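Enquirer: Here is how the chains run, residue by residue.
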Amino acid sequence: MAVEPLMDEPKDQFPIGMRVLAVDDDPTCLFFLETLLRRCQYHVTTTNQAITALKLLRENRNKFDLVISDVQMPDMDGFKLLELVGLEMDLPVIMLSVNGDPKLVMKGISHGACDYLLKPVRTEELKNIWQHVIRRKKFDSKDSNKSGNQDKHDPGSGGGSGSPGTLSDQNGKLKKKRKDQNEDEDEEHDESGRGDPSTQKKQRVVWSVDLHRKFVAAVHQLGIDKAVPKKILDMMNVEKLTRENVASHLQKYRLYLKRLNSMVNQQANLAAALGGTDSSYLQVGSLNGRDSFHTLIGSGQFRNTAFRSLPPGGLLGRLNTPSGLGMHGLPSSGMTQLSHVRNSSNSTNDQVNCQQVILPGNHNGSVLQGMPVPLELDQGQHIKGVTHARELSIPIDNTAIFPIPRALLDAKIGISSSSNPLLGVVNSPLILEQNSQVRQDGQVYGNQSSVSVASLNSEFSSLLPIHSSLNETWSTSAQSSGIESNSFPLNDCFKQPTLHHGNMRDDMPMVAFQMERNPCSASSVASMSTELQDIRTEMQCRASPISSNAGRHHSPPQGWVDHNQDGPYSNVICSSINSMISVHGSVGTLGQGSEPKNFHPDMDFNSIGQSSYFDPLYLKHDEVNKSTMEISLKLKQGLGDQSRPQGSYISGNFGSLEDIVKAMVKQELDNAKETD
Amino acid sequence: MLGLGADPLRADMNRLLALLFHQGVLDEQFVQLQQLQDESSPNFVYEVVNIYFHESEKLLKNLRGLLMEREFSDYKKMGIHLNQFMGSSSSIGAKRVRNVCVAFRAASEQNNRAGCLGALELLEHEYCYLKNKLHELFHIEQQRVLAAGVRYPMQN
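Protein sequence lines correspond, in order, to chains D and V. Just so it is clear: in the first sequence, position 406 is 406 by the numbering used here, and no numbers are missing. Just so it is clear: in the second sequence, position 150 is 150 by the numbering used here, and no numbers are missing.
Note that these hints are calculated values from the structure, not bench results. Values in this document were obtained by computation on a predicted structure and should not be read as measured data. Using N, Cα and C, we set each Cβ at its ideal position, and we do this for glycine too. Certain hints may be false.
As the list claims (entries may be wrong) - Cβ pair distances, simulated, as ranges:
1. V:N14 <-> D:R122: 17 to 25 Å
2. D:L118 <-> V:L19: 21 to 29 Å
3. V:Q110 <-> D:L118: 40 to 48 Å
4. D:R38 <-> V:K76: 33 to 41 Å
5. D:E59 <-> V:V31: 33 to 41 Å
6. D:K103 <-> V:E69: 28 to 36 Å
Next up, chain D with everything else stripped away, as it sits in the complex (with noise of 0.2 Å):
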């Protein structure tokens, strides 16, 4: 992948111990990511959780050059932090996802990532990030000399002008990828103070509430259609504010706007099809964006939980008391502003969040009373509300009010981000609890939400048992929070022959559940157990030889023998069938390796000594495999009506994955006609 040549990097060694801050809430990848980061020689941080990720980010913009997330986090929809990121840090972030759909892939651009890689992670990808940290440095003023790079890996630089002054082109046409990386890449160009302090001597512009609101108030009058930078930099009258600062916000303004839009679409179309009145719902919608702006970036993200269907009369009756929305003296400019965004389109399938579209009415307490609404009218929505106050308080500041920590405010947005349907179930009390008091007082807010956070933690760490019924003592680590460390225990686990005594723990939870999820063939079960503990006692038996000739390699046969007996039931007989099957494995290797010098050397002192060793354990094993098949069987019987017995899985040789998924397909065809 070529990279245009730049211009002399001060620090050669600059991609060496590039700081980049990984986050991915599946351990394996993040693990994974990690290792392959350092491998690269960059200073890698991690984290699994998106909100922990912008609490660090936070804390020190610049003890990070990239930002690497996945798309798809319980706790934080990825692309809403990529947003995050973006507007408060703009650092460059590189989504990570499995799923490599381009409508998503689209979506990632149009947050402004500056690049999409599918999982599996390469190497050679990871090697080349470091460009968009040199990209976003470089691009200081509209010296468009580097948009040259067409290379695939990063949109963020199609090659367009970079010009700013085709911003006010771009207001239409967002959908398109290439004005897609024109934006992304006029946000580059025009930001031109946010690279590294080292290397840029001009200053971060830091986009606070004040400045928001003047920049918000002075698009206002002007009007959005005609609002272009440099009038707005003039009205605005900020020192060091340069216009191509206030034209990269316009932008990112113009999208959330965009946003909003499309939402609102979405809610007044909801609201047609439920009957409601549309005038009504436009009397919420105030895009009155001082403090919506924020806000609204947030709420878009939103648009792909699920959703459950909502009571018309209470959306639209709620919507309608301006007093519980907090909205005192919109200018008239909000509403045109209204009406204006409704014209671009870009509908999504959401009936998202008109709701939050209100909340922005007034940045004060009023705020708060701005809650109730989003949070009563939908058990997924009003977690939303609760992420708006969350975002409302960071950029309004009003910590008078806000006395939370923003960990608090944090866990309600891990939590609003799942699609559990269950637990915006068990948030709602709560929250409603928590807004009848904010109507009363705003002050009181603080002392509730602090209640209601404790309750919220609880239920958030109440979410995996809901997961798993099975809370087995060896699935200790269930979401670690916080920054992971480099140490694993596992790592000792290795070389002791203790090795397979944890692997044993590994396999009976697997097979354990399978089996204990089928409750009607426990009697399938039981008839399998006694045949399977004899089989069992007799591999004991054989096991001990291994053991007292190998020494401590074999002490997994004790291993197997101790858990069986500590563990239940069919842990049991689920070792055992493990433990059967991955010995019949080596020996299996072993019978294919025609010299007897391939032997394992505890296992070439049996073959010496107990050449009839193997032929019984083989015939067990075979005997396993074939009651294991039996189980498996009548496991799926048990299942219930519609699954039919699926032979063409038992394969005992693991036959190839095309036949069963055609078979698997087949069945579907035939379930699928039997149901219509």
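Let chain D serve as the given structure and place chain V on it in line with the hints.
Expert: Showing chain V alone in chain D's frame:
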């Protein structure tokens, strides 16, 4: 015990690996994993695979739990689990597991419960096989390392 040294064990390992690659159980990504293992992370493959096992079992449990619900309808949640499973499986090179996840996801997108159940069965099956094979691999590797550390007079 006559020391047979690390070489035959390595041959065993290679043979097992070749088998797994041939069967499509593993793919080149696993090779990347192996390449990431070096002096600075000597047990990388083992570690990452163990994390994978740990997580995968949770996911499988969740998936089965979802599908066993009487009123199951949350295909979306299933999709999320599947996504994670796909991501982790592809990251360690578990090709067959990943492929089943793809089929599973397709069934889930069609809200096809029976299809999902079938895919889950297959997934558990494939996962089980993979796990056993990888355990075997680690076992051989462990022995090889130990054997390599032992000096027998005849080996030198």
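Enquirer: Next step is simple, just say for each hint if it's right about the structure.
Expert: Against the structure, the hints:
no.	hint	in the structure
1	V:N14 <-> D:R122: 17 to 25 Å	23 Å, holds
2	D:L118 <-> V:L19: 21 to 29 Å	28 Å, holds
3	V:Q110 <-> D:L118: 40 to 48 Å	23 Å, violated
4	D:R38 <-> V:K76: 33 to 41 Å	35 Å, holds
5	D:E59 <-> V:V31: 33 to 41 Å	38 Å, holds
6	D:K103 <-> V:E69: 28 to 36 Å	29 Å, holds
Hint compliance for this structure: hint 3 alone is broken.
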